[in-house]
Structure formats: structure tokens, C-alpha cells
Amino acid sequence: MTSKTNAMDNIQLQNTNTNGNDGAAHVDIEPVAAGNGEGQGYPTERDGLLARQANAGNGETMPSPHEVEAQRRTNPEKCAMCRIKDQLNEKVFGVFRLWMIIVLILIAIIVVIVVSMTLCTVLYEDVDEKFDSSLFDVPLYFNGSFRLPNQDFTEDFLSLSSNKSQEVAAELQQKLADLYRTSPALGRYFSTAEIYDFRSGSVIAEYKLAFVMPADEQDQLRNFTLSREMVYNVLRQFLYDQEAEESELMYIDPGSLTMY
Amino acid sequence: MFLWQYLAPFLLITIQICRAQTCEDFTDLDLSHAFIGTSLRIKLLLYTRENATCGILLSHTNPTAHPQFKLSRPTTFVIHGYRPTGSPPNWIHNITDMLLSRDDMNVIVVDWNHGAANVNYMKAVENTHKAADNLTALMKKLQEHGVSLSSVHLIGVSLGAHISGFIGASLNSTIGRITALDPAGPLFTGKPPEDRLDPTDAQFVDVLHTDIDALGFREPLGHIDFYANGGTDQPGCPKTIFSGGSYFKCDHQRSVFLYLDSEEQKCASRAYPCTSYSDYMDGQCLNCDRFGTAGCPVFGYDITKWKDVLLNLGQTKTYFSTNKKSPFCMTNYVVDIVTWNQEIRWGYITIKLHSGSKEAVATIDHKVSKFKKFTQTKLLAQFDKDVPSVKKISLKFTTGNVLKPKYKLRVLRMRLTPIERKERPLCRYDILLPENEEVTFRPIPCEEYNF
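Chains as they are written, first to last, in UniProt numbering: chain S, 1 to 260; chain P, 1 to 451.
Simulated from the structure, these hints should not be mistaken for laboratory data.
Take these hints with a grain of salt, some might be off.
To be verified - Taking lysine-lysine pairs in the DSSO-like style, the calculated list, with each CA pair at most 27 Å apart, reads:
hint	chain 1	residue 1	chain 2	residue 2
1	P	Lys-391	S	Lys-175
2	P	Lys-372	S	Lys-130
3	P	Lys-396	S	Lys-130
4	P	Lys-307	S	Lys-130
5	P	Lys-266	P	Lys-307
6	S	Lys-130	P	Lys-404
7	P	Lys-141	P	Lys-130
8	P	Lys-385	P	Lys-372
Input sequences plus hints: build the corresponding full structure.
So this is what it looks like as C-alpha cells:
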């Protein structure tokens, strides 16, 4: 009971002080009340309740408004700094102090930025990797030949039905198909590779490449991605890359490559 | 016999002293002289192949009297610039050695350290006119003794470049050649031609600019003006004041070292006529047709090969890029890249050329390059060294973006064309370049291009 009445007295006193004083003193006291979280800035008839809460909540750590005022009056030059310090150290909610809340908000902002960035990166879809092959309906063919200098042209190569020629043709077709299918630019348009004849001269293989492309882009594709220059040189550089296997039976002479 | 034992050392010492007296060194002053200020006193030091390391003091009144000065040889003067600390230039012996190794000539080092050593730059500038008058009188003496002024070459550094110009102007452009190494800018910029070096000062004037934004002169001053690395910041020079004194002089002094490199013929730096350095870096100025079969001029001592065509052209402004240190020359290629990415990609390209154990690197990062679908992006790739037969090429695509997802550059064709050598371009098709990843491949000789 005594503490309650004390508090009531304090508030009463404070009110009279405030009223009797200049504006500066009024402003000095105001944030103390506001900081307590209730949001009431001006002394009203509920002041008694507010002051009691302040006393109950802050207990011994919180000096009575009287003392605060007295302190401020003695060191007016310290006021601005100590006010900010006081505000930062005030309990805002449960065990949290104001500075903790500020730091937490900053951390939260950083976390949100990082998460959204990683999401962006993870969810990023490369438009160049997306295509609808059902729209590819315009065929495009390339024919040509290359030489296998390490093969002997035997009777087996005369007909494509012989085991030997079928074996070689299958291997070459596989090679061509693998090359074009794994090509970043040409892979999606590639359809088939076929060896349709063998001629003599060591062994010269005749091939046919088939591509399909979307009708609406066909003009550009014909000039760039699916131009003869592109299809021919992708194969040509592949043949130059196989340099190490020059003595192998299936070696293809890069200089012998033709395409039209 | 007994007497000789005692006399011999004395004799040797006397000979040594006599020798030391005949060898004349560049005046060595210190900061205290520079603070007090020095008045002009010119010393002429003659170096020839017979006395390449021992300078001979020449008389102003009768310079040709010394037996070492041969009238039959061409004569080259080396004129230094402002010496704020009074120390001798650290390149003076390199330049005399290099000149003598190139040609049998009289090299005269004009030592005006008394006059150039002064904390007050204005006083040193004033002295340039006096020094020029003095040297003009000397030239007239030489002429009287039968020296042809058209065989005289003046190499002027900084203030020395303007001194050369003043001498040339008072001799009615009869001097054969003036080489100006980063002619001084302060107190000369904006002055009329008679108060600075200009192309009418000699039969041929070649100028190198390395510090146009500080100590050098921005505008063209000769028949040909070379702007090394655009004439502003030289690679390898400190970028901040925290590196001490070299921050101020590094760019300016680089002109001498570039010239020495060219004299030594370590390698050749082709210089390309262009209106600006950024246009040159964008590969827009690689046309050398106006120079005929000789191609674009090679920077340096041997520019005289282009003298006639340059005189016809009037004044030519040229650009070249250099390495951080000697050998300074770079090897230029044009790289063109056609991509098929649906969206425009922006980024930088780093190219490496491999040939056995040799590796040359070019980073194209003077500005961000634009790669548009089915459009050729032409870039100038400047390699730090020359790799004779390229076996492998590495490409790297970077955007410098940390926040964005990793993009891929999808290349249809990349073509590498050497500019300075008549060699077939190298090609590679269908390359996928994931950002920040180096992709190495074997190039093939290009055959035909339709796009």
C-alpha cells in the first residue's frame, strides 16, 4: 500500500512540476513514459497506473521520475547521450532491450536478402536450355564423306549388308550421333546420322545427317546455328581433336572431310 | 732497381688519378642545392664507342677539338628534364650504352643539372630558354666545323623535349630529328608553338606521351605522337599516393624505359592511328593501309623507317598498350565471338594462348562487352607476350556479378586473328562458357565464314 501511495504522490508532484516548469522539462520526462511501451505520451488521468507499472516492471533499476529529473538537471550537457543510452537499454518486451531488437531487425533483413538471392540462383531457369521439340518439324539434311585411312577396302565394304560394313557403319553412326547429340548448340535439333555407302580409297564413308528445326526460326537457324559452316566445323574440330588415336583402325582423316 | 720498387706504386697511382680526372661524371647535386636553387651551368659529356663508360668533358667554344669527337659520325644529344632532387637521372648510362650499341655515333649528354635542380619548377622552366640559347650557339659552332645538322638527333626528356624544340626553332628546322620523351606539360600546355615543342622544330619530330594527366603534355606535338596506354596511367605504376615518390614520377619516367626497350629491339610495339584510346581498345583502329606494306608504325627508335609517309600525313596520333615491365610490348589479336544466347549477355573475356610451356594471357576488361544473339562481337585482345604457334586456347567468361545467378555464354564461333603477323586465323565452334570457368580447347584453322 505504501508503495502505491508513494507512486501516486510522485505522479502528482511530477504533474505539478511539469505544469509549473518550462517546456524543456516537460520534454525530458515525456520519453520515460513513452518508452514504457504503453504509447501514452501525455500525462492523463491514467498516469497513476502507468507509473505503477513502470515501478513494478523496472523495480530497483529504474530510478523514480523524481531522481531522473534531478540527475538531468545536474548534468544537462550529458543529457542527449544518456537519453539515447537509456532508451537503448530500456526493456521493451520481456527480456529484450531496444538495442537487441534493432540488431535482430538488421539480422533479419540480411537473412531475407541472402535467402532471396539463393532462391533466385536456385530457381533461375536458363531460357536457353528450354525448348519444345514437338515444334521442330522442318527437316534439314547434310551429306558428305570422310576417309578412314587405316582401313583396307575389302569386298565386305562393297555391300552395306555384310557384317563387316554393318559393324563399321554402326560405329561411325554412333560416333556422329554422340557428337551432335552432346553439342550445346546443335544437340536439340539433331535427329539422325546415317552411313549409307562405302567407297574405295582406303575406305571412304558417305554420311547423311538429319536435323529438324522449328518453322518460325528456320531462316535464322539456317544462317547461323544450323548453317553448313557450323555443322561442318563442329565435326571438323571433333576430327582434329582425335589426334592421339592416329594409328587406330577407326581413325578419320580430318583433311578428307567434305560436307554439302 | 731498388728505387723502382718504390717508384712503381707512385707511378700507378698517378696514372689512376689522371684517368679519373679525364672521366667526367654527371653532376650529382642533393636536395639542399634544390632548395637553395641552382643557376644554369651546362656540362657537355661525350660518349663514343671508344669511351662508352667514361664521359669526356667537351668545351663549349671548341667542341670538335677533342680527338674522340668524330665529325664523320652522326651526333645524338640526350637532354634531361627537371631534377627536383638534384640527383643524376638513373637511366643516363642505359641510354648512352643503348645508343652506342645501335650505331657508331657521338653521344653528347647535356648535363644541365645546375639549372634543372630547383624546388621552384618555374625557375627550371626559365632555364630551359637559357639552356636552349646556349646549345643553339653550340650547334652553330658544330655547323661551322662541318657537322651536318640533319645528322643531329636530339633526345629530350620532359623539359629537355622543349629545350630541343627551342634549339630546333632557332636553327630553322635544320636539325634532323627530335625525339621527345613525355614532354613536360605544366607551364607549357596551352602555349603557342614558339613557346613549346612543335613539328616545325626539326625535319622529323617523334613524341611519346606517358603522363598526359599530370606531368606530361596532352596535345600532339610532333609528326607522330605515341600515346602509351592512352598516355595516362601506366601499368605497374602505383595508383595511390601511399607508394611514395614513385607515385608522382613513375608514369612520367616510364617514357624513357619504353624508349630504351625499343632501342634494345627486345620486341616491337605496333602503334595504331586513332582518335582516342577507347576507340583503339575497342578494336576500331586496326587499319594500317595508309602505311602501305610497312604496316602500322613500330614505336621507338626505329620510327625513321616511316618518316616519309608520316611527313606526308602531317601529324599522326597513335596508340599502343604495354606490359607492366620490360619487355613492354604486347601482341595484338582480334577476337570475334558470335553467340546464340537468347538474352543479351554482358561480361569480360580472358583468353590464354598455350604453346608448349609458353603461355600468353589477354584480359579484355577495359569495359564490359556485349554479346547479342547471332551478332559478331569484335574485341581487341592484347597478349603479354608473343606465342609463336598456338596449340591450345583457353577462354573464360566473367561478369563480375556476385549477386546474380551464374550465366553461361553460348558461343557459336570464336575466331582469333593475329594482327601483326600474317597468319591464318584460328577458329573454334560451339563452345559453352559457364561463368568463371576456364574452358580449354584446340583451335582449328578457319576455313570459310558465312556469319
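We went through each hint and held it up to the structure:
no., hint, result
1, P/Lys-391 x S/Lys-175, "25 Å, holds"
2, P/Lys-372 x S/Lys-130, "18 Å, holds"
3, P/Lys-396 x S/Lys-130, "24 Å, holds"
4, P/Lys-307 x S/Lys-130, "60 Å, violated"
5, P/Lys-266 x P/Lys-307, "22 Å, holds"
6, S/Lys-130 x P/Lys-404, "20 Å, holds"
7, P/Lys-141 x P/Lys-130, "17 Å, holds"
8, P/Lys-385 x P/Lys-372, "30 Å, violated"
Comparing the model with each numbered hint stated earlier shows that hints 4 and 8 do not hold.
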